[in-house]
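Go ahead and model the full structure; you've got the sequences and the hints to work with.
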Amino acid sequence: VKVFNWLFTLYGGRVRFTVPVLWSIGFMVTFVIGGMTGVLMAVPPADFQLHNSLFLVAHFHNVIIGGVVFGVIAGFNYWFPKAFGFTLDERWGKAAFWCWFIGFYLAFMPLYVLGLMGMTRRMQHYDNLDWQPWLLVAAVGAAIILVGIVCQVVQLVVSIRAREQHRDLTGDPWNGRTLEWSTASPPPPWNFAILPGVAERDGYWSTKQRAHAMQDQARPAREYAPIEMPRNSAIGSVNAFFAVVTGFALIWHIWWMAGVGLLGAFVALLAFAFRDKEEVEVPTAQVAQLDRSHAAEVAP
Amino acid sequence: VGAGYKHPPAKNVPIQPQATRKRSNIVAAIPLGAVTTGEAAVWSRDAPAPELSPVAGLEPPEGTAAPLAVAAIPNAEGKAEASSRSSNKRARYLPNFDYSGRLEMLVWSIPAMAVLLVGGVAWVGSHDLDQRKLMSSTAKPVRVQVVSLDWKWLFIYPDQGIATVNQLTIPVGTPVSFELTSSGVINSFFVPQLGSQIYTMAGMVTRLHLQADHSGKYRGLSAQFSGDGFADMRFNVEAVPAENFAQWVTAARAAGPVRPA
Chain A
1 VKVFNWLFTL
11 YGGRVRFTVP
21 VLWSIGFMVT
31 FVIGGMTGVL
41 MAVPPADFQL
51 HNSLFLVAHF
61 HNVIIGGVVF
71 GVIAGFNYWF
81 PKAFGFTLDE
91 RWGKAAFWCW
101 FIGFYLAFMP
111 LYVLGLMGMT
121 RRMQHYDNLD
131 WQPWLLVAAV
141 GAAIILVGIV
151 CQVVQLVVSI
161 RAREQHRDLT
171 GDPWNGRTLE
181 WSTASPPPPW
191 NFAILPGVAE
201 RDGYWSTKQR
211 AHAMQDQARP
221 AREYAPIEMP
231 RNSAIGSVNA
241 FFAVVTGFAL
251 IWHIWWMAGV
261 GLLGAFVALL
271 AFAFRDKEEV
281 EVPTAQVAQL
291 DRSHAAEVAP
Chain B
1 VGAGYKHPPA
11 KNVPIQPQAT
21 RKRSNIVAAI
31 PLGAVTTGEA
41 AVWSRDAPAP
51 ELSPVAGLEP
61 PEGTAAPLAV
71 AAIPNAEGKA
81 EASSRSSNKR
91 ARYLPNFDYS
101 GRLEMLVWSI
111 PAMAVLLVGG
121 VAWVGSHDLD
131 QRKLMSSTAK
141 PVRVQVVSLD
151 WKWLFIYPDQ
161 GIATVNQLTI
171 PVGTPVSFEL
181 TSSGVINSFF
191 VPQLGSQIYT
201 MAGMVTRLHL
211 QADHSGKYRG
221 LSAQFSGDGF
231 ADMRFNVEAV
241 PAENFAQWVT
251 AARAAGPVRP
261 A
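Chain order of the listed sequences is A and B. All the letters of the first sequence, read from the start, carry residue numbers 1 to 300 under the working numbering. All the letters of the second sequence, read from the start, carry residue numbers 1 to 261 under the working numbering.
Hints listed in this document are in silico derivations from the structure and should not be mistaken for laboratory results. Accuracy of the hints is not assured; some may be wrong.
Now the stretches of chain A that chain B is said to cover, found in silico as 3 or more residues with beta-carbon under 8 angstroms [said to hold, decoys possible]:
1) 40-51
2) 118-126
3) 145-153
So these bits of chain B aren't anywhere near chain A, every CB distance computed over 12 angstroms [said to hold, decoys possible]:
4) G119
5) K140
6) T174
7) G203
8) A223
For each residue, glycine too, the CB sits at the ideal point set by N, CA and C.
Right, dumping it as structure tokens:
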């Protein structure tokens, strides 16, 4: 059911084959295959044969790489501009995707075959010549994946070095539908200058439609108000430091150190509880200035 | 009061009213294989609709249930792909699409049927192929006791009074009833061509029933990592006609105690 959900997010849309979309489609295809082989192994009579074989290894890599790694990289490419204010290089991103995608299939599809040929996992050597060609193909695939990983790193380096050209001024590089794309990239600490009203599923999309329909009319002036923000505090890190000390000391039975860690964590907590000022107020002028400069960048 | 600034017009696609939209007659199913190879991304706008071809290379290598589900998905995915490329301006564009009862029906009924089918296969198969279950046969089963050692296999034939190392000889067409244990770490007794594997564990006895229908030599192995010698922890399985088996037993007994090298 989840897979259909994902597929139908494409339904009736205009699919642009950008890097995040490529990763998403790669994720869906690969994850479905991994899921299918998982269903096979969930059938005990098949599992009596496939257990501990390379078929199993191929299956779980199919699920983990296709389902987690591909999905995470799709999200990384998609939300990177929102977090850091500039988009990632598409050419290196596509190169990374195709190396990963092709490399993945070359590396792991042969393992299904090898599993069915009776090759078990965790062998440090083997003497079966029938396996050799399949293992060579898998090795080539692994090398292509390595190229993909290198492309991924290069993409990040190239994008950071050319960040001025890749600057995302609109805050909405993908013509997105959800609210995070309605604010600047990277967003100010208070996210939205004015709390957005949401009436439909894709809040930002409906706002855009309304704005488009009413583009000839004068928009009402935006009224800003000061925003209360929690003050930054280092207590969290201090607390975490003492928690690590406590954990380390408990593992190695260093009881005096465990005491120090617990005491430190508790004192840090007390200090946090007794602070006087918890919030700062962002003045109206600052909110308005940032919002207007964002709007100015958005306007053509 | 949303974020009411104007969006760049270039990105803003006007929406047509639903009633005037024409249903596109573009090919409704592109095999998933095309998507996997990325062809969908490179068709030019003017290129004719791609030919339908069977879903090659996608069926999982084995299994009864999977092809059904695989066959169902390319249609759904292919459709979404075919009608949704951004360069395909004839396609239906439904940016405000929200709900479809027919799609809900599809989305829930296919998985439900798949679960029922696979569940049925699993239930029947698990009881059918239970390792403890005796095989239905008129022949009297041969008993073999298996002990996994570091890193070799000991086979004891209690009724014949013989024992071998790394050599399992069995008569064709006769069920073999295994009782298995381990001298140390866990291993898994596995002859891929004969069927199910089973764990061997110290202090416990597991049961397995197999039968060779054809004479021949098969590879036996441990399928559970057990240490340094694991990769070479193999044994030979020889399935021979009944009279040859009797000869082999006699010869082995006459040979007397032999220390394996």
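Okay, the hints, checked on the actual structure:
no. : hint    : verdict
1   : 40-51   : holds (count 9)
2   : 118-126 : holds (count 8)
3   : 145-153 : violated (count 0)
4   : G119    : violated, 9 angstroms
5   : K140    : holds, 25 angstroms
6   : T174    : holds, 21 angstroms
7   : G203    : holds, 21 angstroms
8   : A223    : violated, 4 angstroms
Checked against the numbered hints given earlier, the structure breaks hints 3, 4, 8 and satisfies all the rest.
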